[in-house]
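Trainee: Listed below are the residues making up each chain.
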Amino acid sequence: MNMAQPESRTSAHLREAQMLRIECPWCGERDQEEFQYGGEAHIVRPESPDTLTDEQWADYLFNRANTKGIHAEQWCHAAGCRRWFNVLRDTVSYAILTVYRPGEQPPGNIE
Amino acid sequence: MDRIGSSVSKNRYSIFSLARNAVSYHQNWSEAWRSPDPAPAYDVVVVGGGGHGLATAYYLAAEHDVGRIAVLEKGWIGGGNTGRNTTIVRSNYLWDESAHLYEKSLQLWEGLSQELNFNVMFSQRGVMNLGHTLQDMRDIYRRSNANRLNGIDSEILTPAEIKAKVPAMNVSGEARYPVLGASFQPRGGVARHDAVAWGFARAADSRGVDIIQNCEVTGIRRESGAVSGVETTRGFIGAGKVAVVVAGHASVLADMAELRFPVESHPLQALVSEPLKPVLDTVIMSNAVHGYVSQSDKGELVIGAGVDAYTGYGQRGSFSIIEGNVAAIVELFPIFSRVRMLRQWGGIVDVCPDACPIISKTPVQGLYFNCGWGTGGFKATPGSGWVFAHTVARDEAHPLNAAFELERFTTGALIDEHGAAGVAH
Chain A
16 MNMAQPESRT SAHLREAQML RIECPWCGER DQEEFQYGGE AHIVRPESPD TLTDEQWADY
76 LFNRANTKGI HAEQWCHAAG CRRWFNVLRD TVSYAILTVY RPGEQPPGNI E
Chain B
3 MDRIGSSVSK NRYSIFSLAR NAVSYHQNWS EAWRSPDPAP AYDVVVVGGG GHGLATAYYL
63 AAEHDVGRIA VLEKGWIGGG NTGRNTTIVR SNYLWDESAH LYEKSLQLWE GLSQELNFNV
123 MFSQRGVMNL GHTLQDMRDI YRRSNANRLN GIDSEILTPA EIKAKVPAMN VSGEARYPVL
183 GASFQPRGGV ARHDAVAWGF ARAADSRGVD IIQNCEVTGI RRESGAVSGV ETTRGFIGAG
243 KVAVVVAGHA SVLADMAELR FPVESHPLQA LVSEPLKPVL DTVIMSNAVH GYVSQSDKGE
303 LVIGAGVDAY TGYGQRGSFS IIEGNVAAIV ELFPIFSRVR MLRQWGGIVD VCPDACPIIS
363 KTPVQGLYFN CGWGTGGFKA TPGSGWVFAH TVARDEAHPL NAAFELERFT TGALIDEHGA
423 AGVAH
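Residue numbers (this note's numbering), protein chains in the order written: chain A, 16 to 126; chain B, 3 to 427.
By construction, these hints were calculated from the structure, which means they are not laboratory data.
Be aware that one or more of the hints could be misleading.
Rough simulated footprint, nothing fancy, chain B against chain A, three-plus residues with beta-carbon under 8 Å [as the list claims (entries may be wrong)]: (1) 48 to 61; (2) 74 to 85; (3) 103 to 110.
Here are the simulated DSSO-like cross-link-like pairs (lysine-lysine), alpha carbons at most 27 Å apart as the crow flies [as the list claims (entries may be wrong)]: (4) LYS167(B) x LYS279(B); (5) LYS167(B) x LYS300(B); (6) LYS76(B) x LYS83(A); (7) LYS363(B) x LYS76(B); (8) LYS363(B) x LYS83(A); (9) LYS106(B) x LYS363(B).
Residues on chain A that point at chain B, a partial pick, calculated with CB under 10 Å [claimed, not checked]: (10) LEU35; (11) THR68; (12) GLU70; (13) GLU88.
Nothing here was measured: the structure is a model prediction, and the numbers come from that model.
Here a beta-carbon is modelled for each residue, glycine too, at the ideal position from N, C-alpha and C.
Can you build the whole structure from these sequences, using the hints too?
Mentor: As structure tokens, this is what we get:
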């Protein structure tokens, strides 16, 4: 195939619009369609909810970092092994930087 | 202010100005709004030059006495979600709080072209929300009855009545998701999205508002708990009050004032077809199969999809969303199956947990936020600006947006339009 041709606008567009490929820590790289998004990672349920103020409870329930940039988030391999794991993803380029298992902390050297 | 008064009359669009400019071969039309350099300080700075921000500035200038106003826009006006949505306008929301807010907006739409002296091409061609299951129909009856109790026009259509209005739709019962009926709001419709931004910009400018494009806010300066101005790519601009209306970037701006917000930003996609002869003269929405479609005055089918589940700021979404969306449209309209699509794009919408907006004061004195409109902000453009202008000018919510303050996430008084409305936005 002759690769010297400049990329057409359509194929550039399709490349931009392409699906995510996500690497499940147990099953390997699969298509985004097999996964379910689970929102921001590392939100810890308060140990004693009875002692929280309304503001603290609201912050736990509703407020989110909604980071523009590198975001730690949960995904579930819903149509595969059905296990949850964590992903560091750039929310602007959508590039996935790394995946790590539940209970682990994100690697510190990702920028 | 007399400079401003004279510029209004000089630039007023009318049959006479058209004739006058025809004489000079339309070479002497003046610019629709100025491009001033930012002043050192304003009484109110509106951050975000989309439809909602420009409407806020317009109603601040037209209906409130707040002094000097500027709108700061990081790109060009109307270049964000205002220019990326599917332009549907309706007010058939389930809960009283949202029904009243969106109905106020719809009433403003009905007089908007005259008020702004700019044709926003508001076309009340009706909006139809389809039901495909018995539960859909129960929800539709419930919502339609709630709408009527709130004085909002709503009818229930049978499949035969739908077929009479929209002959191209497959209502045969053979479909995978058969059409069982619909609610119909005759006063709903579409408007020209760019014209809404331009019309509000021109009308605000003529009342003295400085619209400053290519001016990105990079920080919100505060002194002893009160806002004092904004850092921008064009330097510091002092402000007595700062009104933030930035849709998908609400969290980014909130972070500048060390606030955490209950919004998450998601990509939302839309696409348009090649122009066709007139085939669809109303707006069709279906929540169950998730698609909505109308035909623009140019003849393009304007098709809206759903959001991606993941958060994102990239103004593009997943292909699978488009695939499912187009499948739903072809299911409803088999004759569209060979229509070619011209363009497809994404915008970034900020979604609240209860799918309702935040139009609110904040813990920072003089800092206000209008955000969280999620997937359905366009229809609210004039109403959103109207209540937000009131909130900013009086430092208290208007009764129409009192239920939409940040407070509700602490008190728990959410307005759950997500499942309850049963409608796509």
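Trainee: Now, for every hint given, state plainly whether the structure supports it.
Mentor: The hints, checked one at a time:
1. 48 to 61: Answer holds; 4 residues pass the 8 Å Cβ test.
2. 74 to 85: holds (count 9)
3. 103 to 110: Contact hint for the segment 103 to 110 of chain A vs chain B: holds, 5 residues under 8 Å.
4. LYS167(B) x LYS279(B): Judged against 27 Å, a Cα distance of about 17 Å means the pair holds.
5. LYS167(B) x LYS300(B): Given that 27 Å is the threshold and the Cα spacing comes to 21 Å, the pair holds.
6. LYS76(B) x LYS83(A): holds, 16 Å
7. LYS363(B) x LYS76(B): Holds - the C-alpha atoms of LYS76(B) and LYS363(B) are around 23 Å apart, at most 27 Å.
8. LYS363(B) x LYS83(A): Roughly 24 Å separates the two Cα atoms, so the pair holds.
9. LYS106(B) x LYS363(B): holds, 21 Å
10. LEU35: holds, 7 Å
11. THR68: For THR68(A), the interface hint holds, since the closest Cβ of chain B sits about 9 Å away, which is under 10 Å.
12. GLU70: holds, 6 Å
13. GLU88: Since chain B brings a Cβ to about 7 Å from GLU88(A), closer than 10 Å, the hint holds.
In this structure, none of the earlier numbered hints is contradicted; all agree with it.
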